[in-house]
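A.B. asks: Sequence:
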Amino acid sequence: MYDVNSRNWGGKRPGAGRPRGSTKEISVQRKPHQVRAYDDEWAIIKAFASIVKKDPERAIRMMKTE
Numbered sequence: 001m002y003d004v005n006s007r008n009w010g011g012k013r014p015g016a017g018r019p020r021g022s023t024k025e026i027s028v029q030r031k032p033h034q035v036r037a038y039d040d041e042w043a044i045i046k047a048f049a050s051i052v053k054k055d056p057e058r059a060i061r062m063m064k065t066e
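Counting in this note's numbering, the sequence shown tops out at residue 66, every number present.
Mixed in with the good hints there might be a few duds.
Cross-link-like lysine-lysine pairs, in silico, DSS-like; alpha carbons within 30 angstroms at most [said to hold, decoys possible]:
| hint | residue 1 | residue 2 |
| --- | --- | --- |
| 1 | Lys31 | Lys46 |
| 2 | Lys12 | Lys24 |
| 3 | Lys31 | Lys64 |
| 4 | Lys24 | Lys64 |
| 5 | Lys64 | Lys46 |
Keep in mind that the hints were calculated from the coordinates and are not lab data.
Sequences and hints are given; from them, build the entire structure.
C.D. replies: Laid out in structure tokens, this is it:
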């Protein structure tokens with residue numbers, strides 16, 4: 001058997017990997033969620049999700065007037 005590092009394979013090497021500071025500390029992306037729905041329900045969910053993203057205050061008002 002041979003030493004893995006003798007051929008420069010594997011292990012830590014200077015300059016290898018992602019540069020520091022190339023990622024944001026706090027993610028601003030929305031987390032993915034799963035919902036099971038029939039096609040007709042999904043159309044309603046999609047429309048409401050669009051409203052929530054564009055005008056969250058309107059969505060809150062809509063939820064209060066159920």
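A.B. asks: If a hint holds in the structure, say so; if it doesn't, say that too.
C.D. replies: Taking the hints in turn, this is what the structure says about them:
1. A hinted pair counts as satisfied when its Cα atoms are at most 30 angstroms apart, and Lys31 with Lys46 qualifies at roughly 16 angstroms.
2. A distance of roughly 23 angstroms separates the Cα atoms of Lys12 and Lys24; the hinted pair therefore holds under the 30 angstroms criterion.
3. Among the hinted pairs, Lys31 with Lys64 is consistent with the structure: their alpha-carbon atoms are about 25 angstroms apart, no more than 30 angstroms.
4. With a C-alpha separation of about 36 angstroms, the suggested pairing of Lys24 with Lys64 is violated against the 30 angstroms cut-off.
5. Proposed proximity of Lys64 and Lys46 is supported: the alpha carbons are some 19 angstroms apart, at most 30 angstroms.
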